[in-house]
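There are 4 protein chains.
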Amino acid sequence: MYSFKNDYSEGAHPRILNALIESNLVQEDGYGEDQFSQKAVELLKERMGRTDVDIHLLSGGTQTNLIAISAFLRPHEAAMAASTGHILGHETGAIEATGHKVLSIETVNGKLTPSDVQAVLDGHPDEHMVKPKLVYISNSTEIGSIYNQSELVQLSEFCKKNHLILYMDGARLGSALCSTENDLQLSDLPTLVDAFYIGGTKNGALIGEALVICKDSLKEDFRYHMKQKGALLAKGRLLGTQFLELFRDNLFFDLAAHANKMATILRDEISKANIPFLTHSPTNQIFPILPNALITELEKHYAFHFWEKVDTDHSAIRLVTSWATKEEEVTAFLENLKKLM
Amino acid sequence: MYSFKNDYSEGAHPRILNALIESNLVQEDGYGEDQFSQKAVELLKERMGRTDVDIHLLSGGTQTNLIAISAFLRPHEAAMAASTGHILGHETGAIEATGHKVLSIETVNGKLTPSDVQAVLDGHPDEHMVKPKLVYISNSTEIGSIYNQSELVQLSEFCKKNHLILYMDGARLGSALCSTENDLQLSDLPTLVDAFYIGGTKNGALIGEALVICKDSLKEDFRYHMKQKGALLAKGRLLGTQFLELFRDNLFFDLAAHANKMATILRDEISKANIPFLTHSPTNQIFPILPNALITELEKHYAFHFWEKVDTDHSAIRLVTSWATKEEEVTAFLENLKKLM
Amino acid sequence: MYSFKNDYSEGAHPRILNALIESNLVQEDGYGEDQFSQKAVELLKERMGRTDVDIHLLSGGTQTNLIAISAFLRPHEAAMAASTGHILGHETGAIEATGHKVLSIETVNGKLTPSDVQAVLDGHPDEHMVKPKLVYISNSTEIGSIYNQSELVQLSEFCKKNHLILYMDGARLGSALCSTENDLQLSDLPTLVDAFYIGGTKNGALIGEALVICKDSLKEDFRYHMKQKGALLAKGRLLGTQFLELFRDNLFFDLAAHANKMATILRDEISKANIPFLTHSPTNQIFPILPNALITELEKHYAFHFWEKVDTDHSAIRLVTSWATKEEEVTAFLENLKKLM
Amino acid sequence: MYSFKNDYSEGAHPRILNALIESNLVQEDGYGEDQFSQKAVELLKERMGRTDVDIHLLSGGTQTNLIAISAFLRPHEAAMAASTGHILGHETGAIEATGHKVLSIETVNGKLTPSDVQAVLDGHPDEHMVKPKLVYISNSTEIGSIYNQSELVQLSEFCKKNHLILYMDGARLGSALCSTENDLQLSDLPTLVDAFYIGGTKNGALIGEALVICKDSLKEDFRYHMKQKGALLAKGRLLGTQFLELFRDNLFFDLAAHANKMATILRDEISKANIPFLTHSPTNQIFPILPNALITELEKHYAFHFWEKVDTDHSAIRLVTSWATKEEEVTAFLENLKKLM
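Protein chains in written order, with our numbering: chain A, 1 to 341; chain B, 1 to 341; chain C, 1 to 341; chain D, 1 to 341.
Simulated from the structure, these hints should not be mistaken for lab results.
A few of these clues could be false.
The calculated lysine-lysine pairs, modelled on DSSO-like cross-linking and capped at a C-alpha distance of 27 Å, are [said to hold, decoys possible]:
| # | chain 1 | residue 1 | chain 2 | residue 2 |
| --- | --- | --- | --- | --- |
| 1 | B | 219 | C | 215 |
| 2 | B | 39 | A | 300 |
| 3 | D | 219 | A | 160 |
| 4 | C | 219 | B | 219 |
| 5 | B | 215 | C | 219 |
| 6 | B | 339 | B | 326 |
| 7 | D | 300 | D | 326 |
| 8 | A | 219 | D | 219 |
| 9 | D | 261 | D | 215 |
| 10 | B | 215 | B | 5 |
| 11 | A | 161 | A | 219 |
| 12 | A | 215 | D | 215 |
| 13 | A | 309 | C | 131 |
| 14 | B | 161 | C | 219 |
| 15 | C | 131 | C | 219 |
Keep in mind that this is a model prediction, so the values were computed, not measured.
Full structure from sequences and hints, please.
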């Protein structure tokens, strides 16, 4: 049964495995002090045209979010996130477990605006409530949408003005930056956000996220936080080698572009069949709304996530494509879908 | 410069990389629900002759320790450890960061005895102090010693009688179990300790520790704790595939035996040269005491850890061997050492 | 300027101060082991007809909530509360600071029903989300409403069936139990909830809340949690003496009844003037909806809380009465109000 | 049975109770925003000749320590304390419960020196260990000794040079400052330490400690931390009224001087009987070493703390005097002691 369940169903892109094999017997220091990690960090800085950022390699998204946010905030400060935000509903209270409340904001498209955040600030005037301090956004969002440059600039300016930390979860940043609707570049981000991460796990790596800390005051002692939360890998080279391979040339972007292309084929054909979508998603996750009976049939042949009920007879499902999605499987899926309609 | 700095200087044993390559494009569910992880867990249960334990695969030692200990203890309860214990001095307060004090116990050889623990219990009679609840031991210890069966049985019985949780850090369990002085078997552990982990990272894996929870009351909801602390990998298959390969046959033990053999050659030859050792270590870490001038010379040719000053003119260094240590490098080191003496 | 801002504007009822004076020079043990605290605990058990509950005296509501909830929950478990719940919006993330998420539930009247809680359970099926475990309710609620017996019985049965902990914040329990609409008795509570507290601070004491733990599994080692969070007062007698006086006869209930009576006069007269209320509140907090201009005038003569905007021209204010509210001041307020209308 | 167990066996000094009575029915705002608290804060600033410090009133020592230390430190930073320090052994892991390790330092007299702290810094060079950041000292110490000016100046300079926070637990600051051996003044402290508290509970108040934050960077948002940890009392006036009375004239110092005087009588007479002491203590706690049989006899007539075994036949006990200790009881005790010898 072919799976459109997520973008981490397979292992790693073959070039990444090759890189691990080739470097395997070189002796290196541990905990990210190996040459591969250090070169990867330098390469990433180069790719974003900024030598003044700090970059740390971590294992996964929840780990990165919880370490970054708990390192950045003082005990009484809170994060804010769209109600669809990953830290709110899919990380088992990881942020709260470090002592910080996450304030939920209802949105229509998974994206936060200055007025959304202003409303939270207005509702938290004094010490009887937490102090809202960090704005958590995802790009692409958990429902597939992306921030365009103008939106991100506005949010960034608002945060700077209000002394808020702007943090971007980039678990699917590759897909966002390679979307046909995107007008942001990797090199724009250090200017616009205070910290963000470049997701490797969902874009061809075995594991690995590269956290970029842009704001100076957030940089100090970050490796202490990583160690304390169990994120400094003895064989940190595992992370370094992968990011080195992903960014040595255009591999990272090529993989994301492939995932997007596969999603686009799905989206276009499904649209042509007059099937509506739950959200506007120009990235590698799409959310078609199908009759329940059709979903039941599809589940016999394909793995995917049931997303939510829409009305009595219809529900949205989530289809995710990745660097590993085969075009012939996409075509076969569409044919199957048409047959079932 | 050849390194005896640690047992994680290289990548993974080639068979492990092969296993990753062969399984790479199979689609699997995430977060440890893939077939490789599930088979690895079954295999491990088989190897220890116990189907009633729970086994979870995690990324590293600090992560495993902090998740296990914080999941096992209530907020007012404390861990106890030898002052040399890894959780005390080398994990950046990871246990305290989850809210729990770690009580330090001075020992001569890195090992805890019932009377050591009894003394802590005696010193903590009421609610004005933490409640000592979990006994943390390492096998092999951080200074290379191991628990024999009789010692572990005594400690185990003491803990059961006093309603204490006995937890074994097995970062180097392979080396302990393969020591020529060892009389414990993997299958003894579920009976003797309440939880322990089998270290993969320091015995040939890229990353990976297998936590075995033996006591029923500690099992419930453990995956919630893993997720909350950022330890559920999206591609959990990375851990499963490795443990499957390590325990498919005798690989895990063969690798540890090789590391021990290399350490034995070093130890025997260094002893013959009338060089004393800081500790009695029958495992893959040894601590010869050398003249400071000699150490300075050695450092020009080899990488290793300076351990501690012994007297004005002598210091102990740490030499660590691994599955990847080459016998010719051991021989060369010994020759160099003799030349320098 | 007379204040209807809250029920803790004055010090303590004179009988309480007298009790402190009379017992002042008796030497006693510290930390709640004095005779006054112990007698108070026995007396409270007698008043609720249950000798099998555990009772602890603490300083304030936030302190009691955070210690109880963090002692009762394991790290991955969450509390649930009405969105108006005190722990959600007015305790500066105190619960999250102990590591636990608080899930917010929208309600119409500040009260939770089984179906409210069921919906949260349905939305939290697995380890990628927190495990909802504790139902936090307030009686009276933060908006003045109360649970009747039937509502509480239903919620209690639901919680028992679903292995949930039911915890009642009783900061204003006196006012709730003395409401003319109430059909619950203090002695009903140990059967219906797993833990609750009897608020002293807002009912005539200087400080003090009596936490009653009814469920056996929640009792163990509770004093450790109190000490760890800074709640074991060296002069615990300060709390014991006050509760002894409050419950020696009917003082606690007399004081609450007076507060309610004063609120009733306000409510009845304001109603007669055809002024609507934001919520149905039969207790000592009422929320009349007044024209904004009128509120501005009233603020020149009285202190009270602005509660929330209702429409362009109207807003709700909060008027709180207490054991210390003077009837002549209530009368004067009503006269003033009428003049300003 | 007369008690020398501690300095909080009685209630409050009568003048304090009077102050509570006199102010009782004045309506005031809550949470420390009442006029009494605000005047107390102003008065305290005046008494130490510094208007630029921030002062907050809290309920007890453990509460003050845990809130201050957790507010001052970032998650990876640790406190250092003498092994006799209250936060190490008598606060049930309160500091660790906020996530911070407390590093223990062995001392002879309960006091820390620059070289003690330097040794800890030397042992914590990198991110694999916590970062030692806050030096916790007590004055008087838990074993009755005091810092003289020269010692405190040296420690202060060392901390400034090493970017360490110097925090003084002043649970018994009154007794320290009124010791005949003391050469420090209250007004010296804001220059020498970054924060300290003036203990009220053990010097005549019902409850109450006044935390003085001297270093600017530690001041921001402190009330948030107080609220989050349950320390903002609804009737904050309870604290304000007491400190106002204690510092309105010389009451605070008079009470401490009386306690010291009573201790001095005990110390002098016990010394004359050739009974040795465990520590040099010029304050209100003394630790005579007595034959075990004599202690058993004394326990029939007096309440006091057994402190520790000294040799097979002798042990140290702790005798504590307070503002409430009666000279005739001191005399009677000494007579009894002599009879029993």
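Hint check:
1. A distance of roughly 23 Å separates the Cα atoms of residue 219(B) and residue 215(C); the hinted pair therefore holds under the 27 Å criterion.
2. Between residue 39(B) and residue 300(A) the CA atoms are separated by roughly 25 Å; this keeps the pair inside 27 Å, and the hint holds.
3. Of the supplied pair hints, the one linking residue 219(D) and residue 160(A) holds, its CA atoms being roughly 22 Å apart against a limit of 27 Å.
4. For the given pair, residue 219(C) sits about 22 Å from residue 219(B) by alpha-carbon distance, which is consistent with the 27 Å threshold.
5. Annotation: proposed proximity of residue 215(B) to residue 219(C) holds, straight-line Cα distance about 23 Å (limit 27 Å).
6. This hinted pair checks out: residue 339(B) and residue 326(B) have alpha carbons roughly 20 Å apart, not beyond 27 Å.
7. Between residue 300(D) and residue 326(D) the CA atoms are separated by roughly 20 Å; this keeps the pair inside 27 Å, and the hint holds.
8. Only pairs whose Cα atoms come within 27 Å are accepted, and residue 219(A) paired with residue 219(D) is accepted, the gap being roughly 22 Å.
9. Taking the CA atoms of residue 261(D) and residue 215(D), the gap is about 34 Å. The hint is violated against a cut of 27 Å.
10. At roughly 36 Å between alpha-carbon atoms, residue 215(B) and residue 5(B) are farther apart than 27 Å, so this suggested pair is violated.
11. Taken as a hint, the residue 161(A) and residue 219(A) pair is honoured in the structure, with Cα atoms around 20 Å apart against an allowance of 27 Å.
12. In summary, the hint linking residue 215(A) to residue 215(D) is supported, as the alpha carbons are separated by about 25 Å, within the 27 Å threshold.
13. With a C-alpha separation of about 23 Å, the suggested pair residue 309(A) and residue 131(C) falls inside the 27 Å cut-off, and the hint holds.
14. The suggested pairing of residue 161(B) with residue 219(C) holds, with an alpha-carbon distance near 22 Å, which does not exceed 27 Å.
15. A distance of roughly 21 Å separates the Cα atoms of residue 131(C) and residue 219(C); the hinted pair therefore holds under the 27 Å criterion.
Hints 9 and 10, counting from the list given before, are not met by this structure.
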